[in-house]
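Undergrad: If you want the building blocks of each chain, they are given just below.
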Amino acid sequence: MKKFITYTVFFICPVIIIMVVMEFALRQIPNDYKLKSEQIELKKEAIETLILGSSHSMYGFNPEYFTNEAYNLSHVSQSIDLDYLLLQKYINELPKLKTIVIRLSYTTLHEQLGETSEAWRQKDYNLYYDLDISNTLKFNSEVLSIKLKNNIKRLRDYYLKNENPISVENSGWAFFNKTKLNKSLDELGVMVAKKHTAKNDKLVEENITYLEKIVKLCGKQNVKVIIVTLPAYKSYRAHLNKSQLEKVISTGVKMYNNYSNCSYLNLIQDENFNENDFYDADHLNTNGAKKLSLFLDDFIIQSYN
Amino acid sequence: MLFNSIDFAIFVPIVFILYWFVFKSLKSQNVLLIIASYVFYAWWDWRFLGLIIVSTLIDFSIGLAIEKQTNLKSKKSFLILSILLNLSILGFFKYYNFFIENFNAAFQLFGRDLDLNYLNIILPVGISFYTFQTMSYSIDIYRNKIKPTTNLVAFASFICFFPQLVAGPIERASSFLPQVEKRRVFNYAKATDGLKQMLWGLFKKMVIADNCAVFVNDIFENYANYSGSTLLFGAFLFTIQIYCDFSGYSDIAIGVSRLFGFNLKKNFAFPYFSRNIAEFWRRWHISLTTWFKDYFYIPIGGSRGSKWMQLRNTFAIFLVIGLWHGAHWKFVVYGFINALHFVPYIIKGKNTKYTSVIANKRWLPNSKELFGMFHTFLFLVFARIFFRADSLTSAIEFLSGIFSLSVFSFPNLSNTTDALILLVLIAFFFIIEWIGRAKDHALEHVFSNYKKQYRIAFYYVLVFLIFYFNGEEQQFIYFQF
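Read top to bottom, the protein sequences are chains L and F. Going by numbering that gives the first Met the number 0, the letters in the first sequence line up with residues 0 to 304, in that order. Going by numbering that gives the first Met the number 0, the letters in the second sequence line up with residues 0 to 480, in that order.
If we strip away everything but chain F, and leave its shape as in the complex, we get:
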């Protein structure tokens, strides 16, 4: 079920009413959440529900087993078992064909034909997200950061909670399980704020991302026929699309959760207002980057040790983040060039320079901030070509298409009027995001000083824009990961 579908618009109110008015006890509410989440997931493909249930049972049991062990060695054995099982499931569905392809290629280099068979595997939606959630649970128990829950219903709710099941934010048991195990109380302010966040998420997804997709799909599919300026325009639009698509999804997920009395992790903190790449990665897909930081980067040394060690660890985490996105060399390259861009900041020790909000208590950024933002954004426009292109070769051809004299020509677009309207909408989107940049989400305090009728009028304008400009229904980009 897509968040931007009419099915979801009917599904949420039904679950909401059942949740607050029919299933009033904590246990029954949690059972309802599990059923609703399984229905939500089965709407896409019921066959993969078993996988979620297996993952849930494995880590629930292993969590208890780790806790029971008295010596560290046996605790570690159970942890390794959990990691192996989780990574095996993920590896099979996500990376099997990638490894087969590379094994075959590697053996061919040495004149041997392995000719291992590919499998026709469908990637279960959300597998990368809920697998990481279950793994972090076992690791945290092993590290004595949390106690395992003995409540299977609560644990299953944590794993399958429908707003964040298929594309995050990746929750941690330490923050989410206590919410599942405690009775939720309806909070008016929290719920209305959730609705506002959902509205903004829908605007980002349906108006900006889906309309960008029309141009992006065409330009990336037919890049050989387009001028350098058109390719650059396509890469620019993809940079906007991916942010609005994914952060739009996260906004809706967080907003829906608030209706049910849950607080999810913030996943995006206005990343395109970042002054350098290090700040960008602290603001982009926060639940994933902090996951890798806590469970991969810090264990391999993090920022401790010499500069060389820091650089090695930085490259390692970016390569892994790249590979997390998909079994493809283009994602490895995407991770690598991000790491490469990080290097000067690590060497100069400036990778933690910007931690506060840009242009704090000012209306506009100063020239240095503006330059930093522009430079970071421009880097992302080029880096994301590797992310979007079909293959590494296509990405390189796309880039070489940009670096031609035709980049100085006017973009030759299929529909210039629609492109201009889209640019106006993007400008509107950036203005609203800029106004709300110090808050949890863009609409949190927009027009809060104005009379209620103005605020409501503004929300109606957004509703109208969503209905008026909604593009062709596109799946969320991150569903494929």
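Looking at chain L on its own, in the form it has when it is part of the complex:
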């Protein structure tokens, strides 16, 4: 037994040491989550508009074009349950907060981060926002949550190539560096619409509850909520499942009807957005983000100021 334990420990020790060193080194690398959590701490006294949501919001709303101080706290694949947890964490720390902007996309009601292939991003909320969204050890560690292949690349890019891994501005907004995609917008629309169409409705009720919780929480603090269904490219729209889309839109309308502090803007087929405004079938580019942000700013000023 002694021999077995000694040999096993000797065999495992180098693996554990390498993992610990890697974990330490990976946590030193700047990332979008760390940056945003630091930035919101710095700006919390001034923020009047907080933008929440997934990549659609992250690329779609540029706080630079908002008259009032705005901050974009969206992240790729951030689902509505996380929007709620982030809001819950920060709402009492933002004394000037007047408006919340939250996206209601085609996927919003049917997805939660933990159920998708992007579940590994849960570690970022645990580690950098201190949200405690998962008790799983895996999602409390950089090394355990991402495959070694990708972690080696992250370490090499940052420490050896001196590349900056940050993809967002200090305002929380992000833009696409690539200008050209391998596929046309028409092809992408078909592909992405299919990918975004849910297999079942099991999360819908729970996600609607989260949306309601967000609106109610804001209501208590006298904060307005603007729910936005962002513009999407025609090929994407054409291939969406009608009932899934209808559920999304009717939920937005229902929220508007049921809650006095809530507005709903359905811009999915807004004709002001053309192919020059899209990076891909469901994300706006810099141009589109400017257009949408100016529109929203105007809406906020007209409606609430």
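Just so you know, these hints were derived from the structure itself, not from any lab. You may find that some hints are simply not true.
Computed, partial: chain F to chain L, Cβ under 8 Å [claimed, not checked]: (1) Ser4; (2) Ile5; (3) Trp19; (4) Val21; (5) Phe185; (6) Tyr187; (7) Ala190; (8) Asp192; (9) Ser355; (10) Phe466; (11) Tyr467; (12) Phe468; (13) Asn469.
Owing to the predicted nature of the structure, the values given are computational and were not obtained by experimental measurement. Beta carbons: idealized from backbone N, C-alpha and C, even for Gly.
Please arrange chain F on chain L, whose structure you already have, making use of the hints.
TA: Only chain F this time, still in chain L's reference frame:
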């Protein structure tokens, strides 16, 4: 708790230390195993623990009752009661909606709308495995093959032993209960061999199966958009995936058991090196096929009687094996086509032809063996389309997609580099399996003639490959059964 999770990597050493250093008496070790097994199961869903406990109590009591009866008729009554209770639980959770669907459809054919309601039932993980284990216990007592145990703790350990609780191997009381009732002694060679088997199991699951899954899921979900060659590639990868997933699970289960001084049944014997379908089914999911052989095939006549009887029994066992996998017609068809492929071997009397290891004491197979292996594997690639597809219709559409001119084109994959890397890893996997094909598991004697440092270096290479290439964490395929 998944075997390929960090939770399990922490759970096993804790139980191991408690088992060998704290709970030293036989009874306390068995109690610890029960607690550990219930924790292991509850990690998935604690609500279904009650079901395991009920199953355990039913068969423990019925086993004793059968033994007590003096006349055969009352023994039989208790046996029937055990089978009925076990099959009712299994039937409710696994087949209720399937039967309702088919009842409704059948009545609609005759112009009557039954409109029976479906239930939103969650299938408890491992139910098909532990139910079969408990049933075999009662049947063996009835057949006087074993004596019932009077030790409830030992019996509960047999039913819920965590390494094999959720996906087998399906153990028999005759081989497992004596191990539970006897004091275990730590065996260094057995434990290190267990670790090697676990390492190989993890490699198969996390490197091969989970990476195959990425392509397989995409191709099977979007089969209408892919060329025939891509579909064929997807079907090929699924054939590899299902083996590495399930045999990987079994390897880990057997390996973990060895750390605790238990020997579990061998569940896979390098089935893809089989020279015909009959040999394949002797090497694939052995604990299930032998279960059906002993408790279904032989009682209905087995290979006794005329060729027609043999054929009837063969079709019957394959249909039941198909249905065991799930309440779906696609599994029935899967069983049927396997049985169909069996027919020529039964007619020619060649179904027991290959019982030894392929290319025994040779490095490479001869051309006949190679052809046999290729032919068997190719059959499985096509048959398993029924297994993987969402429905019977999807399977047929998938097959017709393959049989089109586009099968001669180059597969259009989302990531060709990853596909090529995966093919290299699959080739590496097959080489190691081929080298170890005469052993209990692939790593048993791999590099055994080499110096210790080379062996250790090889194990580190495997550890590195597991961490480097581990795909997105996927549940084991057989958890759904």
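Undergrad: Hint by hint, say whether it matches the structure.
TA: Do the hints match the structure? See the list:
The interface hint given for Ser4/F is met, as the beta carbon of that residue sits about 7 Å from the closest beta carbon of chain L, less than 8 Å. With its C-beta approaching chain L no nearer than about 5 Å, Ile5/F sits inside the 8 Å limit, and its interface hint holds. Taking 8 Å as the C-beta cut-off, the interface hint given for Trp19/F holds, the closest approach to chain L being about 7 Å. At its closest, the beta carbon of Val21/F sits 13 Å from a beta carbon of chain L; the interface hint therefore is violated under the 8 Å criterion.
Hint status for Phe185/F relative to chain L: holds, with the closest Cβ pair at about 5 Å, below 8 Å. The beta carbon of Tyr187/F is positioned within 8 Å of a beta carbon in chain L (closest approach about 5 Å), and the interface hint is therefore held. At about 5 Å, the closest approach between the beta carbon of Ala190/F and any beta carbon in chain L falls short of 8 Å, and the interface hint on this residue holds. Interface restraint check: Asp192/F against chain L, minimum CB-CB distance 11 Å, threshold 8 Å, status violated.
With its C-beta approaching chain L no nearer than about 34 Å, Ser355/F sits outside the 8 Å limit, and its interface hint is violated. Taking 8 Å as the C-beta cut-off, the interface hint given for Phe466/F holds, the closest approach to chain L being about 4 Å. Among the interface hints, the one on Tyr467/F holds; its C-beta lies about 5 Å from the nearest C-beta in chain L, closer than the 8 Å criterion. At its closest, the beta carbon of Phe468/F sits 7 Å from a beta carbon of chain L; the interface hint therefore holds under the 8 Å criterion.
Below 8 Å, beta-carbon pairs count as interface contacts, and Asn469/F has one with chain L at about 5 Å; its hint therefore holds.
Violated hints, in rising order: 4, 8 and 9; the structure is consistent with all others.
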